[in-house]
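2 protein chains.
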Amino acid sequence: MSVVTVERKILQKNDEIAAELRQLFKKNNLKTFNLLSSPGSGKTTLLERTIDHLKERIRIGVVEGDVQTDNDAQRIAAHDIPVVQIITNGGCHLDAPLVRDAITRLDLTAIDILFIENVGNLVCPASYDLGEDKKVVIVSTTEGDDKPLKYPKMFRVANACILNKMDLLPYVDFDPVSFRKNAQKINPELIFIDLSAKTGDGIGAWFEYVMS
Amino acid sequence: MSVVTVERKILQKNDEIAAELRQLFKKNNLKTFNLLSSPGSGKTTLLERTIDHLKERIRIGVVEGDVQTDNDAQRIAAHDIPVVQIITNGGCHLDAPLVRDAITRLDLTAIDILFIENVGNLVCPASYDLGEDKKVVIVSTTEGDDKPLKYPKMFRVANACILNKMDLLPYVDFDPVSFRKNAQKINPELIFIDLSAKTGDGIGAWFEYVMS
Numbered sequence: 006m007s008v009v010t011v012e013r014k015i016l017q018k019n020d021e022i023a024a025e026l027r028q029l030f031k032k033n034n035l036k037t038f039n040l041l042s043s044p045g046s047g048k049t050t051l052l053e054r055t056i057d058h059l060k061e062r063i064r065i066g067v068v069e070g071d072v073q074t075d076n077d078a079q080r081i082a083a084h085d086i087p088v089v090q091i092i093t094n095g096g097c098h099l100d101a102p103l104v105r106d107a108i109t110r111l112d113l114t115a116i117d118i119l120f121i122e123n124v125g126n127l128v129c130p131a132s133y134d135l136g137e138d139k140k141v142v143i144v145s146t147t148e149g150d151d152k153p154l155k156y157p158k159m160f161r162v163a164n165a166c167i168l169n170k171m172d173l174l175p176y177v178d179f180d181p182v183s184f185r186k187n188a189q190k191i192n193p194e195l196i197f198i199d200l201s202a203k204t205g206d207g208i209g210a211w212f213e214y215v216m217s
Numbered sequence: 006m007s008v009v010t011v012e013r014k015i016l017q018k019n020d021e022i023a024a025e026l027r028q029l030f031k032k033n034n035l036k037t038f039n040l041l042s043s044p045g046s047g048k049t050t051l052l053e054r055t056i057d058h059l060k061e062r063i064r065i066g067v068v069e070g071d072v073q074t075d076n077d078a079q080r081i082a083a084h085d086i087p088v089v090q091i092i093t094n095g096g097c098h099l100d101a102p103l104v105r106d107a108i109t110r111l112d113l114t115a116i117d118i119l120f121i122e123n124v125g126n127l128v129c130p131a132s133y134d135l136g137e138d139k140k141v142v143i144v145s146t147t148e149g150d151d152k153p154l155k156y157p158k159m160f161r162v163a164n165a166c167i168l169n170k171m172d173l174l175p176y177v178d179f180d181p182v183s184f185r186k187n188a189q190k191i192n193p194e195l196i197f198i199d200l201s202a203k204t205g206d207g208i209g210a211w212f213e214y215v216m217s
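Quick mapping for you: the protein sequence lines, in order, are chains A and B.
Just so we're aligned, residue 6 is where the first sequence starts under this note's numbering, counting upward by one.
Just so we're aligned, residue 6 is where the second sequence starts under this note's numbering, counting upward by one.
Looking at chain A on its own, in the form it has when it is part of the complex (with noise of 0.2 Å):
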C-alpha cells in the first residue's frame, strides 16, 4: 500500500516538473518529440537520418536517455548537433526532473526541436510526461503485430506510431493491417507512418510529421 503511495507521489511531482518544462519550452518556441520503443526498434537510425534531412532547414537538439553507455549520444553528437547524455544507471525511464537538468546544458534559444530519445523500454516510460508536445511510439517489424495490445498503456498515451524496417516485411510474420487495427483499439486517434530508416522508404511523412 506504502508503494503505491510512493509511486502516486513520484508522478504528481514528475507532471509538475513536467509542466514546468512545458511551459520553458513554450516560452523558447521549441518543438519536443519524446521517442518511445523497445529496444532495438530503430530510434537512433531513424534520429540520425532526420538529422540529416533537416539540419539545414532547423536547428535541432537531442536529449539522449539510456540505462548504460553513450554510444547513442556519439552517434549523435556525429551529426554536429548539440546532445545531451542521460545515462539512468539501471533506471528504466526518462522522467522529468532528469530532463531538466540535462537540458541546462542546452542552449534552448538556439534549437527549433529538441528529440528526446527514452530509454529502450515499452513499459515504464509511457507513464512519465517530460513536457513534449508529442510523443511518438516506434515500433519495427520484426516484433509482434499484437505488441498494441500487449503494451497498451504506451500505444494510448502515444500522439504517432512509426512502423520502422518496412524493408524487412517480406522476411519477418508481421501484418501491417492487423497491427493497426490492434492499435487503433487501444487508440483510435493515432496517426501512423509506415517507413524505413534503413533505406529512407516513407520516411518523407516522417518529416513532414516532425515540420508541421
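By construction, these hints were calculated from the structure, which means they are not laboratory data.
Built from N, CA and C at the ideal position, the CB exists for glycine as well.
Take the hints with a grain of salt, since some may be wrong.
Derived coverage of chain A by chain B (criterion: at least 3 residues anywhere in the stretch with Cβ under 8 Å from a Cβ of chain B; other residues may be distant) [as the list claims (entries may be wrong)]:
no.	stretch
1	37 to 48
2	70 to 76
3	114 to 127
4	147 to 153
5	156 to 167
6	170 to 183
Listed next, with one range per pair, are the computed distances between beta-carbon atoms [to be verified]:
no.	chain 1	residue 1	chain 2	residue 2	range
7	B	Gly209	A	Asp178	18 to 24 Å
8	B	Leu174	A	Phe197	26 to 32 Å
9	B	Gly95	A	Asp178	26 to 32 Å
10	A	Ala115	B	Ala83	56 to 62 Å
11	B	Arg62	A	Asp178	26 to 32 Å
12	A	Thr204	B	Asp20	43 to 49 Å
13	A	Gly209	B	Gln79	36 to 42 Å
14	B	Lys139	A	Asp178	26 to 32 Å
15	A	Lys18	B	Glu61	51 to 57 Å
Since chain A is already given, all that's left is putting chain B on it; use the hints.
Structure of chain B alone, referenced to chain A:
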C-alpha cells in the same frame, strides 16, 4: 530517499519468496528457466518450438507474464501443456509473489521443466529473482549489437544468451562477433546459443542446454 528504502524492502521481500520458490521447485525435482528479453525477440515462438520438440520426452509447464492480454498463454495452451497466465496490469516485470500465486494453479508433481516467460522488458525484470535455476536472455539480430553494453544488468544476471532470428542476419546490420564481445565484457561466464526459432537452425543446442 523513502523511495529507495521502499524499493530495497520490495527486493528483499522478493528474494525471500524466491528462496521459498527455489526450495519448492527443488522438492518437486523441477528444473526452471526464466526467459527474459525485449518485446518481440521471439520468446513465445522459441517456447512453442521447444514444447513441440521436447514434450514427448519430458513434462513441460509454462508461466506466461504479460502487461496485458493472454495471447501468449493461448498460443502455448494450443500445444496441450499446462500454462498459467500472469497479467501484470501495467507492471513492468514478474516478481516472486506473482509466480508463487500463479503456480498454485499448476500440479508441480506432474511437471519436469517449468518455463517462465517474463514481461518483454530488458530493464526491470533483471532485478527480480523468481527462484529459477537459469535466467536466459533472448536477443534478436534485429536489435543492435551494443545491447549488452546498454542493458548490462540483464546480461550480468543471465546464465545463457540466445541470439535469435539468425535467419534475418543477411538483411540487418548486426555483427554477432561484436555482440558476443560486448556481452562477454559484462559477463565472461555467459553461454551463447545462436539460432532461428522460425527455421529451426541451431535450435538443437538450445534443446541440449534445456535437457542437460
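So, going through the hints one by one against the coordinates:
no. : hint                            : verdict
1   : 37 to 48                        : holds (count 3)
2   : 70 to 76                        : holds (count 5)
3   : 114 to 127                      : holds (count 4)
4   : 147 to 153                      : holds (count 5)
5   : 156 to 167                      : holds (count 3)
6   : 170 to 183                      : holds (count 6)
7   : B/Gly209 / A/Asp178: 18 to 24 Å : holds, 22 Å
8   : B/Leu174 / A/Phe197: 26 to 32 Å : holds, 29 Å
9   : B/Gly95 / A/Asp178: 26 to 32 Å  : holds, 28 Å
10  : A/Ala115 / B/Ala83: 56 to 62 Å  : holds, 57 Å
11  : B/Arg62 / A/Asp178: 26 to 32 Å  : holds, 28 Å
12  : A/Thr204 / B/Asp20: 43 to 49 Å  : holds, 47 Å
13  : A/Gly209 / B/Gln79: 36 to 42 Å  : holds, 39 Å
14  : B/Lys139 / A/Asp178: 26 to 32 Å : holds, 28 Å
15  : A/Lys18 / B/Glu61: 51 to 57 Å   : holds, 55 Å
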